[in-house]
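Participant: Chain by chain, the residues run as shown.
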Amino acid sequence: MKRSEFRSDRSSASFSGTMRAALMAGAAMVALAAPAAAEGQLVLLVWEGYADDSIVKPFEEQTGCRVDPIYVGSNDEIVSKVMSGGGAADLISPSNDTAMRLVDAGVIAPVDPAKVPSMADFMPQFRNPEWLMKEGQLYGVPYGWGLIRIIADADKVPADTDSLGFLWDPAYKGQISVWDDIETLYMAARYLGFENTYDLTDEQLEAVKAKLIEMKPNIRKYWFTTGEMGTLMSGGEVVGGSSWEPTLVELWAAGKNVIDVKAKEGRGGYSDSWMIVRGAEENECVYPWLEYVSTPGAQALAHKVTGFGYPNSRMAAELDEETRATYERLGMSDSESLANIDWWQPVERRTKYLEIWNQVKAAAQ
Amino acid sequence: MLLWLLPPVAWFSVFILVPYAMLFWYSLGHTEDMRFVPGLSLANFARVFTDEPYLGVILKSARIGLMTAILSAIVAWPLAFVIAFHTRSASVKFALYLLVIVPWWASYLVKAYAWKTILGTNGILNATLQGLGFTDEPVRLFLYNEFSVVLTLTYIFTPFAVLSIYAQLERIPTSLVEAAKNLGAGGWEIFWRIVLPISVPGIIAGGIITFSLAFGDFVAPVLVGGSDSVMISNIVINLLGVAFDWPMAAAIGLVIITLGLGLISLTGWLEEKTKVRL
Chain G
1 MKRSEFRSDR
11 SSASFSGTMR
21 AALMAGAAMV
31 ALAAPAAAEG
41 QLVLLVWEGY
51 ADDSIVKPFE
61 EQTGCRVDPI
71 YVGSNDEIVS
81 KVMSGGGAAD
91 LISPSNDTAM
101 RLVDAGVIAP
111 VDPAKVPSMA
121 DFMPQFRNPE
131 WLMKEGQLYG
141 VPYGWGLIRI
151 IADADKVPAD
161 TDSLGFLWDP
171 AYKGQISVWD
181 DIETLYMAAR
191 YLGFENTYDL
201 TDEQLEAVKA
211 KLIEMKPNIR
221 KYWFTTGEMG
231 TLMSGGEVVG
241 GSSWEPTLVE
251 LWAAGKNVID
261 VKAKEGRGGY
271 SDSWMIVRGA
281 EENECVYPWL
291 EYVSTPGAQA
301 LAHKVTGFGY
311 PNSRMAAELD
321 EETRATYERL
331 GMSDSESLAN
341 IDWWQPVERR
351 TKYLEIWNQV
361 KAAAQ
Chain R
1 MLLWLLPPVA
11 WFSVFILVPY
21 AMLFWYSLGH
31 TEDMRFVPGL
41 SLANFARVFT
51 DEPYLGVILK
61 SARIGLMTAI
71 LSAIVAWPLA
81 FVIAFHTRSA
91 SVKFALYLLV
101 IVPWWASYLV
111 KAYAWKTILG
121 TNGILNATLQ
131 GLGFTDEPVR
141 LFLYNEFSVV
151 LTLTYIFTPF
161 AVLSIYAQLE
171 RIPTSLVEAA
181 KNLGAGGWEI
191 FWRIVLPISV
201 PGIIAGGIIT
211 FSLAFGDFVA
221 PVLVGGSDSV
231 MISNIVINLL
241 GVAFDWPMAA
251 AIGLVIITLG
261 LGLISLTGWL
271 EEKTKVRL
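So the sequences go chain by chain: G and R. Reminder that position 140 of the first sequence reads as 140 in our numbering, one-by-one numbering, no gaps. Reminder that position 36 of the second sequence reads as 36 in our numbering, one-by-one numbering, no gaps.
Everything labelled a hint here was simulated from the structure, so no lab data went into it. Honestly, I wouldn't trust all of these hints.
Said to hold, decoys possible - Quick list of in silico lysine to any residue cross-link-like pairs, SDA-like style, CA-CA up to 25 Å:
(1) Lys262/G - Glu322/G
(2) Lys156/G - Thr117/R
(3) Lys211/G - Glu146/R
(4) Lys216/G - Thr50/R
(5) Lys181/R - Val276/R
(6) Lys60/R - Ala210/G
(7) Lys352/G - Ile237/R
(8) Lys216/G - Val219/R
(9) Lys156/G - Asn122/R
(10) Lys111/R - Thr231/G
(11) Lys211/G - Asp228/R
(12) Lys134/G - Arg35/R
(13) Lys173/G - Ala127/R
(14) Lys156/G - Glu137/R
(15) Lys216/G - Asp51/R
(16) Lys173/G - Val139/R
What the hints assert, rightly or not - A partial selection of chain R residues facing chain G, derived with a Cβ cut-off under 7 Å:
(17) Met34
(18) Val57
(19) Thr121
(20) Asn122
(21) Ser227
(22) Ile235
(23) Asn238
(24) Val242
(25) Asp245
Note that the coordinates shown come from a computational prediction; the quantities given were computed from them, not determined experimentally. For every residue, glycine included, the Cβ atom is placed at its ideal position computed from N, Cα and C.
With the rest of the complex left out, here is chain G (with noise of 0.2 Å):
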């Protein structure tokens, strides 16, 4: 649902791709007049952006394999589509907080790395990442990801700043804005020192409302969408919070001297995964896909439609300057200084987290 939020929030980015989209369709019927060349056909249950046609048509050109993508706007849908086994997709893109259900679901068929040489350009962290492995089998091949940020306004706030701390710290009072999502609740849990973040008990979940409930005061406002986060900053109605690494990128492109805190508590994570649908690993276009969007020149073009990060190491140097400096600064190439982040993982107590959360919002300051 969130993640729908925030992908629709970048609508802007995939407008064009949509128009472009209905102008494809009109070519691809002038082509099915032609012999068709198509050895393969191959069903994305995906995000918008994952199957732009910048990305698919080199793809489609390249094996002969035909693309057919449906978007989908939140995990839920995916989990929903596949377990019914409705959909009949081939391959799906769900993040990290779901992959692991799916396959504890059995509906997913493992990955041969082999087939993807070019996982090994990957940077470690994706190579065989826990939220993908199960019983030293690969699950997944890691995709589009990125890390919820803390960022603050480094006129009002120490530049230094290397602990969530500062969130609580009573200076800031009214002038703090964090995303209106469970991933909160994780943010608090990684500040009391919790290491549990998906599996909180209830005693520990207690603990970070109680610890949530103090930081109202600070609140100017739970932020909904990444660019009302932008909006706050920019409008001087907060001085720091969390986001996306596009608010930041907004930010700094706008001028704005905004930093990036990297806190001692860890971060939090999302991951997307090509994953194979148990049944589609006989589909012959299936490796091939597997292997052209780990390359790094298909993931380049996938940052240009998406603004995310992207596993393959070699990545960043296939970017224009600018967008590489960018790329550098959010430190998303460097291995080392992704060392300390809490992926998402699978929530089994979902109702549970949202129920604090609803708490926390409904609770007076």
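With the hints as your guide, set chain R onto chain G.
Facilitator: Same frame as chain G, now just chain R:
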């Protein structure tokens, strides 16, 4: 004759009876690993009343709805009065009427965003106050709290109050007012003893509309609300989308519908009681 009954009965079944029965069916079950498991348990209803934050948020939403209804009535009444009694020219009347309606052609979102730019720290209101020298520092109390939520909702829903109060006031014959004058009543007396009492059913009718719309709103708290402005519709959306807890969302929905039916019955009775035969 029976043929005439078919469309309303079909409508009622397809769009009301069946969906509500489904809602009730969902509310009795629970979810396991994002999948609905049917059941016959009232546990979700118990949760609405015993677990935080549900009942508290329902009451808060009702309070915001009530404040919106009262403020809308206060803003709407004088305007409805002027249109009904003090506008001689039909074209001016029509123009005023249009001015009430036209904002409805603009998107709700645009109007809510407009309040952000008016009330914000660097907003129009603060710029004006600072320019006039009333304050040196921007006032931060205007935006991102319950005040801004109620203000936005009042602004957006007031036309409903204007129209229903106007409809009631227009029914007052001028002869009644003239008779009161002949019998020696002053302006205030006419207002207190004739015009205001007759307008009460219109105030109630407008109030029930503005209350319901504000009570169920979920956009204003997201756009202009502050750290504790969550309303019940926001929670229902979260339950559906984030937690995938459809049964709980259905239970909340049914509780609200029941409360709504009670409220509508009460106001129906009140309207009947306050009605003046003309």
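Participant: Does each hint fit the structure? Answer for all of them.
Facilitator: Hints, one by one, checked against the model:
Between Lys262/G and Glu322/G the CA atoms are separated by roughly 23 Å; this keeps the pair inside 25 Å, and the hint holds. Between Lys156/G and Thr117/R the CA atoms are separated by roughly 23 Å; this keeps the pair inside 25 Å, and the hint holds. Using a Cα cut-off of 25 Å, the hinted pair Lys211/G and Glu146/R holds, with the two alpha carbons roughly 23 Å apart. Between the alpha carbons of Lys216/G and Thr50/R the distance comes to roughly 24 Å, so the proposed pair stays at or under 25 Å and holds.
Proximity of Lys181/R to Val276/R is assessed by CA-CA distance (about 19 Å); at most 25 Å being required, the pair is judged to hold. Using a Cα cut-off of 25 Å, the hinted pair Lys60/R and Ala210/G holds, with the two alpha carbons roughly 21 Å apart. About 15 Å separates the Cα atoms of Lys352/G and Ile237/R, which keeps this hinted pair within 25 Å; it holds. A threshold of 25 Å between alpha carbons decides the hint, and for Lys216/G with Val219/R the separation of about 21 Å falls inside it, so the pair holds.
This hinted pair checks out: Lys156/G and Asn122/R have alpha carbons roughly 17 Å apart, not beyond 25 Å. Proximity of Lys111/R to Thr231/G is assessed by CA-CA distance (about 17 Å); at most 25 Å being required, the pair is judged to hold. Using a Cα cut-off of 25 Å, the hinted pair Lys211/G and Asp228/R holds, with the two alpha carbons roughly 15 Å apart. With a C-alpha separation of about 23 Å, the suggested pairing of Lys134/G with Arg35/R holds against the 25 Å cut-off.
Among the hinted pairs, Lys173/G with Ala127/R is consistent with the structure: their alpha-carbon atoms are about 22 Å apart, no more than 25 Å. A distance of roughly 16 Å separates the Cα atoms of Lys156/G and Glu137/R; the hinted pair therefore holds under the 25 Å criterion. Between Lys216/G and Asp51/R the alpha-carbon distance is near 21 Å, which keeps this suggested pair within the 25 Å criterion. For the hint pairing Lys173/G with Val139/R, the CA-to-CA distance comes to about 14 Å; that is within 25 Å, so the pair holds.
The criterion of a C-beta within 7 Å of any C-beta in chain G is met by Met34/R, whose closest approach is roughly 6 Å, and the hint holds. For Val57/R, the interface hint holds, the least distance from its beta-carbon to any beta-carbon of chain G being 5 Å, beneath 7 Å. With a cut of 7 Å, the hint placing Thr121/R at the interface with chain G holds, because the nearest CB-to-CB distance is about 5 Å. Because the smallest distance between the Cβ of Asn122/R and any Cβ of chain G comes to about 5 Å, under 7 Å, the interface hint for this residue holds.
Nearest Cβ of chain G to the Cβ of Ser227/R: about 4 Å, under the 7 Å cut. The hint holds. Among the interface hints, the one on Ile235/R holds; its C-beta lies about 5 Å from the nearest C-beta in chain G, closer than the 7 Å criterion. Evaluation of the Asn238/R hint against chain G yields a held restraint, the C-beta minimum of about 6 Å falling below 7 Å. With its C-beta approaching chain G no nearer than about 5 Å, Val242/R sits inside the 7 Å limit, and its interface hint holds.
Hint status for Asp245/R relative to chain G: holds, with the closest Cβ pair at about 5 Å, below 7 Å.
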